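A.B. asks: Top to bottom, those sequences are chains E and R.
Residues in the first sequence are numbered from 20 upward in steps of one, following the working numbering.
Residues in the second sequence are numbered from 182 upward in steps of one, following the working numbering.
Worth flagging that the hints you see were computed from the coordinates, not collected in a lab.
Just so you know, not all the hints are guaranteed correct.
Stated by the list, open to error - No more than 27 Å apart at the CA atoms, straight line, and that leaves these computed lysine-lysine pairs for DSS-like:
| hint | chain 1 | residue 1 | chain 2 | residue 2 |
| --- | --- | --- | --- | --- |
| 1 | R | Lys-251 | R | Lys-387 |
| 2 | R | Lys-409 | E | Lys-169 |
| 3 | E | Lys-112 | R | Lys-262 |
| 4 | R | Lys-262 | E | Lys-169 |
| 5 | E | Lys-112 | R | Lys-380 |
| 6 | R | Lys-433 | E | Lys-169 |
| 7 | E | Lys-169 | R | Lys-399 |
As the list claims (entries may be wrong) - Residues from chain E that face chain R, not an exhaustive set, calculated with beta carbons under 8 Å:
| hint | residue |
| --- | --- |
| 8 | Ala-63 |
| 9 | Asn-116 |
| 10 | Thr-183 |
| 11 | Pro-185 |
| 12 | Ser-188 |
| 13 | Asp-193 |
| 14 | Ile-275 |
| 15 | Thr-281 |
| 16 | Ile-285 |
| 17 | Phe-289 |
Quantities reported herein were computed from a predicted structural model and do not represent experimental measurements.
Backbone N, C-alpha and C define an ideal beta-carbon position, used for all residues, glycine too.
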Amino acid sequence: MLYREAGQFKTSYSADQAMLTIPLDRVFVVGLTIFAIVGIPLLASEYLIASILIPVLILSIAALGLNILTGYCGQLSLGTGAFMAAGAYLAYKIATNITWMPIWIVIPLAGLCAAAIGIAFGLPSLRIKGFYLAVATLAAQFFLLWLFVKVPWFVNYSISGVPTAPPRSVLGFDVTGATATNEAKYLFVLAFVIALAWIARNMARSRIGRSWMAIRDMDIAAELIGIRPLPTKLSAFAISSFYCGVAGALWAMCYINTVEPTAFDINRSFQVLFMVIVGGLGSVLGSFLGAAFIFLLPIFLNSAPGWFGYTVAGDTITHIEFMLFGALIIFFLIVEPHGLARLWQIAKEKLRLWPFPY
Amino acid sequence: MLTKKLATAGLAAAVAVGAIAVAQAQEGQYIPVLSYRTGAYAPNGTPFANGYVDYFQLINERDGGVNGVKFIVEECETGYKTDRGVECYDRLKDKNGGATVLSPWSTGTTYALIEKATNDKIPILSMGYGRTSSADGRVFPYVFNFPSTYWSQATAVVQYIANETGGLEALKGQRFAFIYLDHPYGREPIPTFDILAEKFGFTYDKYPVPPATMTEQKSIWLNIRRTKPAYAIMWGWGAMNSTAVKEAANIKFDMSRFIGNWWSAAEPDVLPAGEGAIGYKGATFNGAGTGYKVFEALKGVSGLKGGDDMGTVLYNRGMVNAAFVVEAVRLAQEKYGKGKHVSGEQVRWALENLDLSAEDVEALGLTGLMPPTTVTCMNHEGTNPAILVQQWNGNAWEIITDWIPAMTEIVRPLIEQDAAQYAQENNITPRDCSA
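The shape of chain R in the complex, shown without the other chains (with noise of 0.2 Å):
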């Protein structure tokens, strides 16, 4: 009798569960988001989907979505983790008519997905991070990373650097330190750092930060006091940037000399350091506050998750990394059929196509918080300035700087080597751009 009533219920079950599996599919445009709202990284990861996933839902309720094709969003939580990344890659790239665009916000998960997204024709943006040489785009059709890449980056600090000193001459001799965390991410600027260092005769001494023990920072530390760097550089992430602002603090670092890439300097990273954080200066692309026209038009949304984190650094690069895609569908459309569901292939065009000017930035009420973008099919970081400086006074990020460009010169031919040595371990052709 009660293995016919288990049969019974384990077939209702399922017809349960059929039914629902019918009731999902439905018309739209497909946003899958690996997002991180666990684990150590959390901190970080938090406001960054919630900014992201709000700005579609703005789009979708102000706006109907684009044309009147709606976003459909969904979540996989990853806690930052390559295998799960990719795991929950393989579930959702086909659901809902398959992925439009995917933002990894992990370089390990874009580094594991750039074959596979490529195969499936499915556009990666990784959103300033990823792989460098995906900016060669011959080589890397299907890999984004504008507005601007690491190495990019990394040149643009010490040219700020150079800026505060005194040019790029006084330089020489100089001794930074230059804290990472030991992970693909942390280690993708150093190739960049060598280079100028050979080039500006200064040194830096490297501090990996071991991903386990990321909150136990005090022996490196030590070490920065006893060796008293002029600049301390930092590319970290997590709880790894709260504990080194921390420690900077604690050894009455001068925190004006103390500079984190734009993964290392929002909200979370500098509040737990108390009065300690004030000086401390990152990078940036995009302005912190709520004192932006999309703001306005974001009052009135239901549903949003944002809540305390809106207007935080990370919320807000959320909404622009959003932004990106809702502009790439829109010129999609444009060229493939307006109101149409557009696959991923067409995306990928418009994001190679995009051309958003400081007055189609304003239309959209993102002055302020989104670069205004070129991409071309060479150059899939875009052909903008790289980053601003941004300082912590105590309650908010302030921009003190004005556009600081990267080093093209240096960095563009490190990114066609890396893409040529790519190209050549994978068999691929690079593509003709001149066409």
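Chain E with its partners taken away, still in its complex shape (with noise of 0.2 Å):
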């Protein structure tokens, strides 16, 4: 009743080729776009956009990053942390560095970087599958750690190595540092956020996604019918290592404000691939949605019981967090092993039939 795809035809090639071919969604996904750019600074308080959202869509991109190889391409990485600290070092130094170059040209510019070094570390996915590539990207996140820690040079030779994200503006307004208020972060995030996610979406439906996911369920088959595996794989690890070197970049200017190597360390790695599982692995909105279960359960839970007048020790709360976050993810995986997104996608069916099912 609600959702209906009946009486709905499309005349056009490029109608039917939409990126949201049903109005409904066209609607909901366009006004939660305008709403996200316009009401939420005008209604959010500081608290919501600073320490919720902010992180939220940052690891969004994160999460879309490694979808893209492990959700599309079926390549194991546990590099994602890593190719995040690859982008947040290079954009500080090419920040720093070259200090004419305005900030929304020196993130993609350091994403960039982390999708050079992404191919590097992808070239051993020709050869070694499944469990091994996933130690081999193993060893991207110990030795990439290792490196920006190690090379002052990365630093600018800053004496306590935990250099701070320098203040920069777009269009007159403070985005990075600390001048920027959380509404100007908050709106240059979101543009990553926008543009990263359409071209995402668009990329997955078109030839380069169709490849991936070629290459996802069955190499050999995959190779016989003329995808050639090597390009294919290594465009993988560069777009999702831009993806990630991007929210790595924007996690440390607009975020936690300083480049600190244990923001990104082996943790980062698995918190973004809980994401991506829990979110639905080979699926946009799946990235959102599981950044957002992943990073917001637990300051939903250690808040949860002051909102109800109780106050429970701290650490008791904590412990009771760790509890509920794994049974979740265990609830998870055995009721919905595909995702959150696939629940939005069983309730998007239900919605057609509603309120008349057969």
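Take each chain as given, in its own frame, and dock them per the hints.
C.D. replies: Have a look at this one:
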């Protein structure tokens, strides 16, 4: 009733190839985007923007990146944190050494550097698969972090080794550094999120995305129908690392304000991997749902007792948080192995019939 | 029907939450606490947090707060993670009339919050940790790290080794081992050690311990056994410390030549190693044990969290941290109005003008716990000697030296150089402190 496809005819190829073919979907996504751009900065509290939305959006970019590699192309990677670190350190290096360069160029440039590193570490993927590839990407995780800590060039020979994000502005508004307002940072991050999500969605349903999925589903068959494995896999590594690099740069510049290696350690790689698994492998929407779920659940569990007037000791809450978090992940993996995105899809299918089921 | 019931229940819950939120708003100095009672750093984080909150409880119950203004203390669990620390800060900073002072208890979190807190006009008291160069008050007006910084501490530790081995000249040709947590905290003193090594002609091997695998140090200590350093110096935290002490005991390293910094020398660090830990040394600025006046005052206080932690090195240090905050609030009230709520900006002024003499400390009942401290606009680490050295005798930590001064002539130029670089990158014009 509310949500139906009946009677919606596509009369041209462009209508058939539109990103969102159902008008209601289109209205919803466009409305949500406009609300995120206009409504949130006007309505949301500082805490919601600075501590919830900015990190969730940044992690969504990282999850999108890993989803391209793991979800679409089927290459398991544990190097997400390292590629994020590459983006963060190189964004800092570029921003402080080429000071005239606008920050909205610096960040994609840092992403490109991360992509180049990603290609280098993606090379073994032609020969090794599955868990062995995961181990190879684990090498990237440890090697890159070691490199950035070891070589002081990356932090401009700063004595403390933990440089602060330099203040930079876009259109006269500061978006990084101490003077930037949360709204400006949020809109800056959101611009990247919208652009990258749009690109990812379109890549997934174009030639390159289909070749990734062919490699994922059966690489020998894909090779037989004329998909070259090396460029396909490396393109997935490059694009995935680009996304992760942009996410890392934004994390350092717009969220925690410092470039510190512990923000990108192995736990970050696992966190992003969980986001992709819980959100839904091979789904753009799933990346967002997974990022929100994994990042917000601990904070929600942590602050929920307070909303109902209970004061529970901080350590007890955290222990409960660990248990609930683990239980929920297992629950999701058993009940819905295809992730939150699949739940959303089921809900949509139900809505097509509602309120008149057969 | 069901939906209606659910809606009613939801509405009732929403109203209840609203009512509680109103009830929570009360007058007082608000102290957010970024504690970590879980995870690998909990053995150290818990006693420290207990000491901190208990001292506020003491002031509230015994004195009714500072001139009648009570402290409202709220904890937020960070697990020693930087991003959770930032989230906690954002969640708590505006509650109850705004945070008075923030003690992040993590060097990583301190780094991440310097700009935010400066912008929000909330002073950060990173007591003996954090960004060393924030000792330059001209560039970092809102950040304080007295009673001493890591760099000062590093020079004082080297000075202590020199005293033991026969003067600074005797350092020439010596080989040391530096075991540190591979985290902003652990790396902080490296530049100072580099300069000291060059100046005094000693060498040192760096042994980073990754936070993720900090309880696996076998290979590090095998290396140390092979290279036979004259002294081992450690910048550790959490479960890393006890592991290192155990491993050192396993390779029969001479424990009196193993020196931890002041976050690596507390009871949780030595107890797991048992007999093997006897002789292990550490820097400190506060005494251990309960033989101080303040503990008599604590006896009648209700709702204390300390329990068995009372008298441990870190519990006592947590109390010192709280005492600095209380005295800063007292000083701020003297200037801006007694018995009134003071803002973060006013407390910042007080922290910068804090001057606690030995008599003041005695009046607080904290002699032997809190070092006399004088802070100035130029110097946010305070003009005090750096460290005492304590040694574990199997039952308790004993202080075995007098105050050992830092080599200020080496540290201060480094601080100013790093602060100047920070100021330049962030377009900050340093304040003029002569006014």
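A.B. asks: Next step is simple, just say for each hint if it's right about the structure.
C.D. replies: Do the hints match the structure? See the list:
Among the hinted pairs, Lys-251 of chain R with Lys-387 of chain R is inconsistent with the structure: their alpha-carbon atoms are about 47 Å apart, more than 27 Å. Restraint check for Lys-409 of chain R and Lys-169 of chain E: the C-alpha separation of about 24 Å stays at or below 27 Å, so the hint holds. Between Lys-112 of chain E and Lys-262 of chain R the alpha-carbon distance is near 25 Å, which keeps this suggested pair within the 27 Å criterion. Of the supplied pair hints, the one linking Lys-262 of chain R and Lys-169 of chain E holds, its CA atoms being roughly 22 Å apart against a limit of 27 Å.
For the suggested pair Lys-112 of chain E and Lys-380 of chain R, the alpha carbons sit about 31 Å apart, so the restraint of at most 27 Å is broken. With a C-alpha separation of about 31 Å, the suggested pairing of Lys-433 of chain R with Lys-169 of chain E is violated against the 27 Å cut-off. Taking the CA atoms of Lys-169 of chain E and Lys-399 of chain R, the gap is near 22 Å; set against the 27 Å cutoff, the hint holds. The restraint placing Ala-63 of chain E at the interface with chain R is violated, with a minimum CB-CB distance near 13 Å, outside the 8 Å limit.
Here the hint on Asn-116 of chain E is broken, as its CB sits about 11 Å from the closest CB of chain R, past 8 Å. Using the Cβ-Cβ criterion of 8 Å, the hint placing Thr-183 of chain E at the interface with chain R is satisfied: the shortest such distance is roughly 6 Å. Contact between Pro-185 of chain E and chain R, as hinted, is supported at the beta carbon level, the nearest pair being about 5 Å apart and thus within 8 Å. With 8 Å as the threshold, the beta carbon of Ser-188 of chain E stays out of range of chain R, its nearest partner Cβ sitting at about 11 Å, so the hint is violated.
For Asp-193 of chain E, the suggested interface contact is broken, since its CB lies about 10 Å from the closest CB of chain R, more than 8 Å. Interface restraint check for Ile-275 of chain E: the shortest CB-CB distance to chain R comes to about 4 Å, inside 8 Å, so the restraint holds. Taking 8 Å as the C-beta contact cut-off toward chain R, the hint placing Thr-281 of chain E at the interface holds, the least distance being around 6 Å. Because the smallest distance between the Cβ of Ile-285 of chain E and any Cβ of chain R comes to about 6 Å, under 8 Å, the interface hint for this residue holds.
Restraint check, Phe-289 of chain E versus chain R: the minimum CB separation of about 10 Å is more than 8 Å; hint violated.
Taken one by one, the earlier hints fail for this structure at numbers 1, 5, 6, 8, 9, 12, 13, 17, listed in ascending order.
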